[in-house]
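Work the whole structure out from these sequences, hints included.
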Amino acid sequence: MPEQPPYEPERAIAGTGMGGAMDLGASEAAGLEKAPGGPDGTGPRDKARSLWSDAWRDLRRNPVFLASALVILFLVFVSLWPSAIASGSPLSCDLAKAQDGSGPGAPFGYDGQGCNVYTRTVYGARTSVTVGVCATLGVALFGSVLGALAGYFGGVWDSVLSRLTDVFFAIPVVLGGLVLLSVVTSNTVWPVIGFMVLLGWPQLSRIARGSVITAKHHDYVQAARALGASDSRILLRHIAPNAVAPVIVVATIALGTYIALEATLSYLGVGLKPPSVSWGIDISAASPYIRNAPHALLWPSGALAVTVLAFIMLGDAVRDALDPKLR
Amino acid sequence: MGRYVVRRLLQMIPVFVGATLLIFLMVNVMGDPVAGLCGERACDPATAAQLKKEFGLDKPLWQQYLTYMGNVFTGDFGTAFNGQPVTELMGSAFPVTIRLTIVAVLFEIVIGITLGVLTGLRRGRPVDTGVLLATLVVISVPTFVTGLLLQLLLGIRWGWIRPSVRTGSFDELIVPGLVLASVSLAYVTRLTRTSIAENRRSDYVRTAVAKGLPHRRVVTRHLLRNSLIPVVTFIGTDIGALMGGAIVTERIFNIHGVGYQLYQGILRQNTQTVVGFVTVLVLVFLVANLLVDLLYAVLDPRIRYA
Amino acid sequence: MLLDVRDLRVEFRTRDGVAHAVNGVSYAVDAGETLAVLGESGSGKSVTAQAVMGILDTPPGRITGGQVLFQGRDLLTLKEEERRKVRGAGLAMIFQDALSALNPVLPVGDQLGEMFTVHRGMSKKEARVRAVELMDRVRIPAAAQRVRDYPHQFSGGMRQRIMIAMALALEPALIIADEPTTALDVTVQAQVMDLLAELRREYRMGLILITHDLGVVADVADRIAVMYAGRIVESAPVHDIYKAPAHPYTRGLLDSIPRLDHKGRELYAIKGLPPDLAAVPPGCAFHPRCPMARDVCRTDVPPLHAVADGRGSACHFWRECLRGDER
Numbered sequence: 001m002p003e004q005p006p007y008e009p010e011r012a013i014a015g016t017g018m019g020g021a022m023d024l025g026a027s028e029a030a031g032l033e034k035a036p037g038g039p040d041g042t043g044p045r046d047k048a049r050s051l052w053s054d055a056w057r058d059l060r061r062n063p064v065f066l067a068s069a070l071v072i073l074f075l076v077f078v079s080l081w082p083s084a085i086a087s088g089s090p091l092s093c094d095l096a097k098a099q100d101g102s103g104p105g106a107p108f109g110y111d112g113q114g115c116n117v118y119t120r121t122v123y124g125a126r127t128s129v130t131v132g133v134c135a136t137l138g139v140a141l142f143g144s145v146l147g148a149l150a151g152y153f154g155g156v157w158d159s160v161l162s163r164l165t166d167v168f169f170a171i172p173v174v175l176g177g178l179v180l181l182s183v184v185t186s187n188t189v190w191p192v193i194g195f196m197v198l199l200g201w202p203q204l205s206r207i208a209r210g211s212v213i214t215a216k217h218h219d220y221v222q223a224a225r226a227l228g229a230s231d232s233r234i235l236l237r238h239i240a241p242n243a244v245a246p247v248i249v250v251a252t253i254a255l256g257t258y259i260a261l262e263a264t265l266s267y268l269g270v271g272l273k274p275p276s277v278s279w280g281i282d283i284s285a286a287s288p289y290i291r292n293a294p295h296a297l298l299w300p301s302g303a304l305a306v307t308v309l310a311f312i313m314l315g316d317a318v319r320d321a322l323d324p325k326l327r
Numbered sequence: 001m002g003r004y005v006v007r008r009l010l011q012m013i014p015v016f017v018g019a020t021l022l023i024f025l026m027v028n029v030m031g032d033p034v035a036g037l038c039g040e041r042a043c044d045p046a047t048a049a050q051l052k053k054e055f056g057l058d059k060p061l062w063q064q065y066l067t068y069m070g071n072v073f074t075g076d077f078g079t080a081f082n083g084q085p086v087t088e089l090m091g092s093a094f095p096v097t098i099r100l101t102i103v104a105v106l107f108e109i110v111i112g113i114t115l116g117v118l119t120g121l122r123r124g125r126p127v128d129t130g131v132l133l134a135t136l137v138v139i140s141v142p143t144f145v146t147g148l149l150l151q152l153l154l155g156i157r158w159g160w161i162r163p164s165v166r167t168g169s170f171d172e173l174i175v176p177g178l179v180l181a182s183v184s185l186a187y188v189t190r191l192t193r194t195s196i197a198e199n200r201r202s203d204y205v206r207t208a209v210a211k212g213l214p215h216r217r218v219v220t221r222h223l224l225r226n227s228l229i230p231v232v233t234f235i236g237t238d239i240g241a242l243m244g245g246a247i248v249t250e251r252i253f254n255i256h257g258v259g260y261q262l263y264q265g266i267l268r269q270n271t272q273t274v275v276g277f278v279t280v281l282v283l284v285f286l287v288a289n290l291l292v293d294l295l296y297a298v299l300d301p302r303i304r305y306a
Numbered sequence: 001m002l003l004d005v006r007d008l009r010v011e012f013r014t015r016d017g018v019a020h021a022v023n024g025v026s027y028a029v030d031a032g033e034t035l036a037v038l039g040e041s042g043s044g045k046s047v048t049a050q051a052v053m054g055i056l057d058t059p060p061g062r063i064t065g066g067q068v069l070f071q072g073r074d075l076l077t078l079k080e081e082e083r084r085k086v087r088g089a090g091l092a093m094i095f096q097d098a099l100s101a102l103n104p105v106l107p108v109g110d111q112l113g114e115m116f117t118v119h120r121g122m123s124k125k126e127a128r129v130r131a132v133e134l135m136d137r138v139r140i141p142a143a144a145q146r147v148r149d150y151p152h153q154f155s156g157g158m159r160q161r162i163m164i165a166m167a168l169a170l171e172p173a174l175i176i177a178d179e180p181t182t183a184l185d186v187t188v189q190a191q192v193m194d195l196l197a198e199l200r201r202e203y204r205m206g207l208i209l210i211t212h213d214l215g216v217v218a219d220v221a222d223r224i225a226v227m228y229a230g231r232i233v234e235s236a237p238v239h240d241i242y243k244a245p246a247h248p249y250t251r252g253l254l255d256s257i258p259r260l261d262h263k264g265r266e267l268y269a270i271k272g273l274p275p276d277l278a279a280v281p282p283g284c285a286f287h288p289r290c291p292m293a294r295d296v297c298r299t300d301v302p303p304l305h306a307v308a309d310g311r312g313s314a315c316h317f318w319r320e321c322l323r324g325d326e327r
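If you're matching them up, the sequences are chains D, G and H in order.
Count the first sequence with the UniProt record's numbering and you get residues 1 to 327, in order.
Count the second sequence with the UniProt record's numbering and you get residues 1 to 306, in order.
Count the third sequence with the UniProt record's numbering and you get residues 1 to 327, in order.
A few of these clues could be false.
If you only want the chain H side, here are some residues facing chain G, beta carbon under 7 Å, derived [claimed, not checked]:
#1 LEU102
#2 VAL105
#3 ALA173
Hints in this document: simulated from the structure, not taken from any laboratory.
All C-beta atoms in this analysis are idealised placements derived from N, C-alpha and C, irrespective of residue type, glycine included.
Printed below as a string of structure tokens:
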């Protein structure tokens, strides 16, 4: 293997296009490096606690964070109670109104099938948020547990896992989705989520593995080990609190990319299929009418873009806040 | 170095086998491999059994995989749904996709690196903030949306390009290439920017300034040379991802490349087309990664291969 | 005077306010003279040197006042192109950590030769020859072969020799060495210091030696300037200072050197910590740590009193300090 301690090129995303581990870190250490003044935190718990409270203090003052958090809260609200802001059903369409411009109760106009674009866009949020949240939870749980165990115990399982992640990284995501989902007949979000977990976990397992390995070599972990702490205690109490930050950051950004991926797969006709409601389906359905009814394409596209942007910016802000080196 | 290459090649074998096996299993287990062979109708059971026997599909999966891979290594990728040999499809599809990828990589290099250097050197200024915001937007808008929008604006509204590609020559592929590159382009910009900004404060750049070198020389010879190492690495590994990810772009602009053939193969559940193309794509990905690792050693003398 | 720094002021704008790193520093170096600038980290000694050299990071740094007269010209008012020509040719700098100060991806020969191609317009071939000569000068064995090697292939001491060679390349009138031996092993420190002193004599250069190590100073320096919180608190010929310091801070530094004849006694340490440059104490910045401090020290900034010819102390009670009565 190349001996490359100073920097390992981050391959995770390059392989799959799914990732958010790529550098999105925007902020920089402004100004003078401060001498480490004052008494230092005494233990890992103190350190972790101050890391989180510092991060929270930074976040509350960050306009990017506030804006994206607001958008996300709104999205969650809309996906829970879509009827609160949109009347009618997303499935009731009137061919007579096909491609019409905006009318009463339909500020965004009608699409090629005469469906209310506004209603469909509002209802589409639920699919995106469900897929994004569930896939991220699945990937984060599955990936980080596997990665953390492999990183902590090392040995054969670690090498097996590393090779396995290599295998998954070699398969382009959209392609894998096409192959796997093209034969699925169930028209729900679950196969899509299952597929994302199946192909997404290696990304987080790599991140978790890396940060556990780093944490493992810290002096306080060595000290805990020397004092006879058990493996589970070391992992849960000493390593996890310090290794969890990168996982959270990558998972937040990944959430946005999963939403984009669901839309892409639905656009290609293998994710959700009509009569399900999804921005991807709407965009796909609108593309043949792009000439005469571009509004049917633009509104769901805009909603999708803003949603993904919100999650990516949130992850970006959280990363800046959690990375003390950037302070 | 030679030994390192050999070892890396050996390490590629399990990844190659794993990835192709995975796809092979996906296609075979999940789908019905003879479904597409009787045209639009479903096969009657007798024909299906006959076909399965003919293609060796009644044998255990591992045996099918071995037979298939054995054939692949003799250059026989099987036949596509329309009776054409898969290799013939590849012969017509890969040149187009390779051209598309070349255009995309050129965009990444020219625009991505330029913007990255520009913003990295002007951190915090309006240019920087603007470009940074633009990259976030580009990353957030899924490729198929970018593609459709560009098609709508450039192709339909303004009529600058033909909305769909006919021959697949370079000039027709400029806009599709930009669409394919868009997300990576934004990543390259951000990566370059961060790398430049980080290295700009490094001690050796300060030394270069203290030596009395002109600003231009400090930037090109000292700053860029170091900052571009991770960028080159990223672009190299991205080549495989671009080729595999061209499905969406090729569908929007109706380009008959690898993605198009794969899409057709998947829709018609033609195992041999899908597995064949994926096998080649995985190989491209692995070889690109190996080359990037070797390039890394050339660019950064601190890396030693043992 | 070769170099005459007058009332130099530098500040840094940081998130936590404005840090006054250099507050009216004046010092002078004659041709062939060695001035040691002594101080703890954060005293402003390196920032002063960077401002003189013209390699201060701006922003966040900013020069707010003063003059830097080099061979009669004020460097601060020169055009950048003029200034650049002075750097390296008239005024060169040696950095603390040669490993990070040398470009990791260029052979050392290229980095040395660059001085000649850029400033003297030599061909690459000639420059290469000169680079080998220089490496010989600083006694790097097998220079002709090693000229193609990269910085990481050299030992710490050899790397620092290359730094010295680079500074010497154009035979500048003045060299600023910023903690040139701090990053080295103790055994190598003396060799490198001796080499530097020897070459300085040979080339009849002025030398500013920035250090926090009093032990190094005694052998090499002609004069000493002691800095504290961005000011010069004492400036004197080296022997006078060792005989009888005229500032309690200098005395504290001298007393905290371990001495064989004091074996068994407790080592003296200056109590407290250096001040935060964003909130320097009013009056004499040293007063919170000073054993002699009285009321006047808390309110009035002491000027640099002339203690003797060529000797100054910024202490209200320099007479008492000089006599040695305190505590």
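Hints, verified against the model:
{"no.": "1", "hint": "LEU102", "verdict": "6 Å, holds"}
{"no.": "2", "hint": "VAL105", "verdict": "6 Å, holds"}
{"no.": "3", "hint": "ALA173", "verdict": "14 Å, violated"}
Checked against the numbered hints above, the structure breaks only hint 3 and satisfies the rest.
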